[in-house]
Every structure is written in C-alpha cells, then in structure tokens.
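Following the hints, complete the assembly by docking chain W onto the known chain P.
Residues per chain, in single letters:
Number of protein chains: 2
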Amino acid sequence: MEWKPDRQAKLPLYRQIAKRLEEQIVSGELPPGTPLPAERTLARRYGVNRGTVSAAYEELRASGLLQSMQGSGTWVSRYLWGVKQVPNWHAYTEGGAFLPTYPLLRRIQEASLNPDIINLAKAEPASAITPSLSVEEMSESIGSGIDLGYSHPKGNPALRERIAEHVREEYGILASPEEILVTSGAQQALYLISLCLLSPGDAIAMEGPSYAYSLPLFSSAGLRLYRLPMDQQGVAVEEIRALHQAHRIRMVFVNPTYQNPTGIVWSQSRRRRVLEICRELRIPLVEDDAYGILTLAGCRKPPAPIKALDEEGVVLYVNSLSKTMAPGLRIGWLIGPISVIDRLADAKRQMDFGTSSVSQQLAVALLERHRWRRQIDRVSHHLNRQSQTMRTALRKEMGGFMEWNSPQGSYHLWCRLHKPADEQELLDLAIREGVVFTPGGVYGAEPGWLRLTYSWESKERLEEGIRRLAKALESFC
Amino acid sequence: MEWKPDRQAKLPLYRQIAKRLEEQIVSGELPPGTPLPAERTLARRYGVNRGTVSAAYEELRASGLLQSMQGSGTWVSRYLWGVKQVPNWHAYTEGGAFLPTYPLLRRIQEASLNPDIINLAKAEPASAITPSLSVEEMSESIGSGIDLGYSHPKGNPALRERIAEHVREEYGILASPEEILVTSGAQQALYLISLCLLSPGDAIAMEGPSYAYSLPLFSSAGLRLYRLPMDQQGVAVEEIRALHQAHRIRMVFVNPTYQNPTGIVWSQSRRRRVLEICRELRIPLVEDDAYGILTLAGCRKPPAPIKALDEEGVVLYVNSLSKTMAPGLRIGWLIGPISVIDRLADAKRQMDFGTSSVSQQLAVALLERHRWRRQIDRVSHHLNRQSQTMRTALRKEMGGFMEWNSPQGSYHLWCRLHKPADEQELLDLAIREGVVFTPGGVYGAEPGWLRLTYSWESKERLEEGIRRLAKALESFC
Chain P
52 MEWKPDRQAK LPLYRQIAKR LEEQIVSGEL PPGTPLPAER TLARRYGVNR
102 GTVSAAYEEL RASGLLQSMQ GSGTWVSRYL WGVKQVPNWH AYTEGGAFLP
152 TYPLLRRIQE ASLNPDIINL AKAEPASAIT PSLSVEEMSE SIGSGIDLGY
202 SHPKGNPALR ERIAEHVREE YGILASPEEI LVTSGAQQAL YLISLCLLSP
252 GDAIAMEGPS YAYSLPLFSS AGLRLYRLPM DQQGVAVEEI RALHQAHRIR
302 MVFVNPTYQN PTGIVWSQSR RRRVLEICRE LRIPLVEDDA YGILTLAGCR
352 KPPAPIKALD EEGVVLYVNS LSKTMAPGLR IGWLIGPISV IDRLADAKRQ
402 MDFGTSSVSQ QLAVALLERH RWRRQIDRVS HHLNRQSQTM RTALRKEMGG
452 FMEWNSPQGS YHLWCRLHKP ADEQELLDLA IREGVVFTPG GVYGAEPGWL
502 RLTYSWESKE RLEEGIRRLA KALESFC
Chain W
52 MEWKPDRQAK LPLYRQIAKR LEEQIVSGEL PPGTPLPAER TLARRYGVNR
102 GTVSAAYEEL RASGLLQSMQ GSGTWVSRYL WGVKQVPNWH AYTEGGAFLP
152 TYPLLRRIQE ASLNPDIINL AKAEPASAIT PSLSVEEMSE SIGSGIDLGY
202 SHPKGNPALR ERIAEHVREE YGILASPEEI LVTSGAQQAL YLISLCLLSP
252 GDAIAMEGPS YAYSLPLFSS AGLRLYRLPM DQQGVAVEEI RALHQAHRIR
302 MVFVNPTYQN PTGIVWSQSR RRRVLEICRE LRIPLVEDDA YGILTLAGCR
352 KPPAPIKALD EEGVVLYVNS LSKTMAPGLR IGWLIGPISV IDRLADAKRQ
402 MDFGTSSVSQ QLAVALLERH RWRRQIDRVS HHLNRQSQTM RTALRKEMGG
452 FMEWNSPQGS YHLWCRLHKP ADEQELLDLA IREGVVFTPG GVYGAEPGWL
502 RLTYSWESKE RLEEGIRRLA KALESFC
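Protein chains in written order, with the numbering used here: chain P, 52 to 528; chain W, 52 to 528.
With the rest of the complex left out, here is chain P (with noise of 0.2 Å):
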C-alpha cells in the first residue's frame, strides 16, 4: 500500500511529509541528484493541498537536504556527501522482536510531558505524598555510607528478609526469602514471565478489560491473548475452562483487587474457585496486585491476595513499592516456587545484571513497619479526597455525557459515555483542551468507556480537566 501521511495523528501534515522524505533520502530510497515530483503532483497523490507540500519541501531546503532552481523543480541535494553511506536507521528502529508502544498510549505519554495539559492519565502517587526521605533518615537506616557494589542475583537478602515480612503481616502471605525476586517494579516481573516461562504461540487468559493489553510485551513474545468475562464480583471464572479446552490456555493473569481499568474487586469465592481451577488445570495463575492495598479511607478492605489461599505453589504474585511509596526506586517483587524465581532471576541478570542496590537498601528502609502504616494511611486519606473531589465535579459538569463507577480503592474512575465516540477524535480534541486521558480501547475495553484518574493533580487542577473534558465533549456531541 503506498504510504500516506495520516490525518489522525499528532504530527502535522508538512511535517509528516517532510519526514518521509527524509528517510527516503538518507536510506538512500532517493538517492542524491534525484528530481521530485511538483508540489501540485504530490499534493494530488497524498491528498493534501498544495500548500502542504510546499512547506514540506521548504523544510527540507533549509536543511539542505532539497535544492530547487526556478523553472527546474525540486531535486534531492546533489551535495550530500555521506548521506548514502549513514546506517538506514529507520529500517532497523522499525525492525526488532520487541514491539513498540501503541501509537494511542504513545501520544498521552508525550501529552503527559507538558505541564500545562492537565492530566487524568497518571496513576502514580502525587509527589505531595510521596515519602521524602531526609538524609538524616537515609543515614539511619543505612548506615554510614551506601554500599556500591553488585547485589544478590535474586536482589538484597536483607530486603528480601524484609519483604517475606511484610507480606505475611500485610497480606498473610507465607514466603520464605528464597521464593522472591527483586524486579525493578511490578512491570518487569510481568515481562520476565511472559519472555521466560511462556514461548511463542502459547495463549493465555486475562481480564477483559485490562492493563496487560496497553502493553505489547505479550504480542512482543507472541503470545495469544484471550478474554476472560467479567461481572462486579470478578472473572466468571468458569470460562477458564472452556478457554482451556478450546486454546490450551497455559497461563491466567489477573489483578483481583482495584481491577485495572475497572476497579472491581473480585470477591472471596471467586479467589478460592479460580484458584482451584488453576489447581486444577494445572495452570499457573499470574495476579498482579499492585493496588491491592489502596483502600480509600473509609471503605472495607478487600479479601485477601489470592496468593494467601495458595497453598501449593500455584500463584506467582507481583507487587511492588510504585503505587504507594516511590515509583523511582523502581523496587518490585514477584514471589513464587524456588525454581521459578531462580529461572527468572538468571534471565533478569543476563538483561540488567540486576536491580539498583541503592534502592534495595532504601526500601529495606521504606518498608519499616511504621513508616509504611503511615504512608499507606496518608495514600488512602488523599485518594479519597481526590476521589470525591473528581465525582463531585464529574456530577457538575458530566451528568449529561456519561455515567461513572464508585470506586473503593486504587487511583482512578472508571467512566462510560452515554453515546459512544471515537475515542481517537475525542483524545485530539482533549488534549487540544488541554487535558490527557486513557481511553478504554487502550485496555481492550469496547468504545465508549474512559479511564480518568484523580492521584496526580491538585484539587483546582482536577476540578478544571473535569471542565475541559466537558467542553471537549461537548463540542465532539
């Protein structure tokens, strides 16, 4: 199919033009001295006006890639001495095994990175609630100086010793320090798993909607993706079942508790049934729980991980410090049988020769039972404020455009539109507002549904996106 440039996207049209060129040129597609076609020509085939082109072609003059001569066209720079000779790097960054972030996902993330955009995309703990750790705590808990050599393979014994700890008295989770391995975050235990214990082709259940679908690491170890149903009480976890028949399903990832994008929690008979369906299957079962203790103050705490029902190694639980405490220390874990975590954590010494030991020693700190009661108190007070200060505006201005959940925990809204959007248009014409949000495609979701989260910004801001996403509404109805 021949190239066009695409209307959807953020870039402009001239300059989409121009660029394409340029990799022509600099791969040598169109090598120096080539004549180009006239700018009404172009215009025609790539269906823009002439004007577009024109731009285009002048970018390119002014860095020389381009000549032009009164009365004899536009031709690529006779003067480009090298030019030809440089790698075609465009053929190989379009290359590789790894898949590149989705298109969509990639424009919230630069939307994410100016500061006048409000965002309602960020579901990371407010820097105003993120524990500072002061030099004078840092030095008390450990010691005089930082150690500054290679840690263990499966991360630092003493904050392995920790967090076996801390998951039996936050979570009733038995684990000794053998059965875990230090990840740089939740997500690279989700990577390790799915590159390491799972191969091409295998398929695999997940919720549907979910956070796994906004990253291609799973078609990046081509992997099958299927779909697991679900109600307010979870997964119908039956389906695993006829999945298993019809796919050979060989693994279930799920996240019970603040479900990633919906907020469901999936109640206790439905953690005991799908683990016994594992069980019994012989599947092991993924559960990410990366907001499990998110609690808004004031709500019920959830069941306990499934992870604590396990009594016989089928469970591999991912969490990490990231949503409640220091997403950039990047500490995770991922706790499992022996020969699990010994296999994953060769494979992440190969990749990154492991995590930072200056974070692992920091953790071991942050992790301090009282120091992290309360954070986690401190975490579930601001949530919910921020929770109700977002329905209360929602309720001022969206009533009329869409209906949203009444989350328990975790860090965002989960809203449907009355009148279902394209949820391309409606982004563009949201960030052109000046506020960024995820669209429920981007979880595999049907359209018509939004993910908007209320951590990140301030009262005032939060009140104003809520304005913004209005007016873009508004004018898209």
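Any copy, or any two copies together, can satisfy a pair, since identical chains are not distinguished.
Once the Cα atoms are required to be at most 25 Å apart in a straight line, the calculated DMTMM-like pairs of lysine to aspartate or glutamate come out as:
#1 Lys173 / Asp393
#2 Lys447 / Glu525
#3 Lys70 / Glu80
#4 Lys70 / Asp393
#5 Lys173 / Asp198
#6 Lys55 / Glu474
#7 Lys61 / Glu229
#8 Lys70 / Glu331
#9 Lys173 / Glu229
FYI, nobody ran anything at the bench for these hints, they're computed from the structure.
Chain W in isolation, oriented as in the chain P frame:
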C-alpha cells in the same frame, strides 16, 4: 534419547537421579501409586552403582515422595494429595524464549558465592576501591531529600547533561543529552539493541573471542553470530566485507580498548578503517567501551573511542559506571542517533519503566569531575599493583604450564596453556582446590585459554589463588 545422569555435572549423581524422579512425580508423569524399578534395574539403566540409586530413593523417601516396603519394592507415595494438581513448573522453566545462562558460567557464578573460593573470575572493582558515598556527600549532591518519583524515560535530564559533558571531556565524544539513553549498565544497552534493532535470523559480526559469546542474549534474540579474527592491532577489518557479502551482516559489535577477554587495544588506523567500512556498507557499529578508561598506572593511554571519529551517527556507543565506580548503581549509557535512542527508551519503559531515579541522582554526583578523576587515578593504581602481583605469582608458579599477556589496562590476564586441557575438568579441579577462573571457551576461544582477573582479591589471596590453580593444573597434567 533416554535421560541419563551427567557425569560432568557438579551435582552428585544420586542428587541428579533424585531430582529427575521428583520432576517426574511432580509433573504427574509418575502418578501416585506407580511402582518404581528395583534399585539394581535402575542402576543398570543409568550406568551407575546400585548404591547411587539407593541414595536417591532414600532422599525421596525422606521427603515423602516415595514409599517402600520390604519385599514389595518402592512406589510413588499414595498420600501425595495435590501433587498432581500443581502446575508442572518444570515445563515452564525449561521453556521460554529467553535462554538460561550457559551451565559452565552458572557453575562459576555459584562458586563465586562461596567466600572460601578465591575469585579470579570476577571483573569488578574491589569493594576497597569503590567510593563509599558518605551521607554528607550525598546530601551535598542531592539536596535535602531524594526525589522518589519516576524519571524521564530516557533518563534523568541532569544526568544526561552530565554524561554529555563527561564523554566530551574524557573521550572527545560530542553528543547532546537527547542522544543519550540511561540504561541499567552496559548489559542492558546490549540487550535493548539485540531485541529492538535486530530481528530473529539476522546475522551479526563480533570479535572472536568476545565477551558477547558469554551472553545467551544474542542467541535468545535468534541472531546468527559470525566471528571476526583478530591480531594485536585489533580485528582483521577487511573480513567484515567478506562476511557481509556471504551472510548479509546487519550489525558489528566491537570492544576496541582492552578487549574482553584478550586485552587487545585496537590501533588508531584499525579504528578509522572499521568505521569507514561500516559506513560504506551502511551497517551500524556497536562500540562497547566499558573498560576503555582503565589504563594501568604507568601505561600509555589508548586511542580515543571510535565514536569520537563518528560524524555520521554510524556508531552506537556503550559505557557504564560499573567497572570504574559503582557496579551496584546499575548506571550505564548508550549514545546514538535520536531515533534509535527514542526507540530503545520506549522498549525500556515497557520492560522496567526506567532506571532507578535514586541511582541516577547519585550518579550525577559520582560523575562530578574531580571525584571522577580521583577515582580513576585510584583504580588505575590499584589495577597496576594487582596485575604486578598476579604476574609475579604466575612467573613463580606457572611458567611450566602456560604463558600470559602483559595487559595495558583493565581487569584481567589472558593466558594460554602449553598443553590444551578439557576446560570443564580443569574448572572442576580448580574449584575443588578453592579457586575459580573463567575458561576461554566461555568467550568462544579455542581450547586452552583462561581468563584470570586480578581486581577482586587481596594480594595474599591472589598469590594463594595462583598456588591453588597451579596445584589443579599439576594434578591435571
């Protein structure tokens, strides 16, 4: 092929047999109640003594997996409720697209965890010379507290600025912060390149022998590896052309200063030539410069990195803080064209969501000019002393067994046995004597080469290590 215990393996034969049976029981291959062969029969089948099988059965009886009764033989315990139900983890850990570390290297890694074994395999700055950042120094460099939020996907902007200055001052490399990606050590940079810029089936060329052969990374990515022969001036660069013609080489990996493991320093003219050839063939050149700054005190400085000659963005340049200052920080960097950096940053974000922000904040302080210079000076004196110690010890103990090079920099000697020996056996013997080294085969060298590092141990332990190695060689010859 039927399974047999491996007589070369480190694990005792009876443990291998017990492990094998355990796997068969846990996987359900041998369900509860299955009778096992008589000890004599199994011993014959595996070619071992009856006592060996007896010991294996005993171990499994102790752990409740087997039952025996006088006169009625041995069977899989009938009381293993649940055993059949758990996932067959073995089938998962043995699968996966990502290959485990080579067994020989795993043995070295295991031996390295034992403090009684003298380590001539570790290529790290000894803890005596890694700078221990005091709390005062930290507070000076990072202000009142550490920012625990996520950093920029390409890395902390202040750190990238500092790296840009650093490589300009130290190596004459011109790069903007936008052309720099902060990675978890040089290792992760190589991993990202292999996974994101190359596709399964692609051919790459590298020095033979090379550190890269010790990494299953490239095989995991499905790449075909071709060796470039070397002499004392560096790689026979014209060979790249022939390889390119024969195999469509898509990338060239080199380590031109204090090459690991040979210690070779490429001449200035070879550096120019490899760049010209890659430019002409339009193949990217990956330059691993992790050891380049480690000139032994009193030796001549090596030529500048190839990247300093690269005006057209042909070279991807990789370096880190691991070999000079702080392995545990896990801070490395990759310098290349912006499009490549952006692609790799995106992949890194998916895999681990970025490098520890604490590590990055500390790295800014460590790269501060005066601290850096002081540290390099310290390391180069240390390495010089250590290499003298090792060479003196070798002359005293080893003249009859092998010859070795005279390194100008870095961490190790490259030694050749007068009589090639089975590497696995020699390593076994050495470990039994209480010393560990790296056989050349790990780097793809022909039989008879050894890499001995002198950086990690004290003077006394280095000398003792060489004595132990001589003893192993003696009993070998």
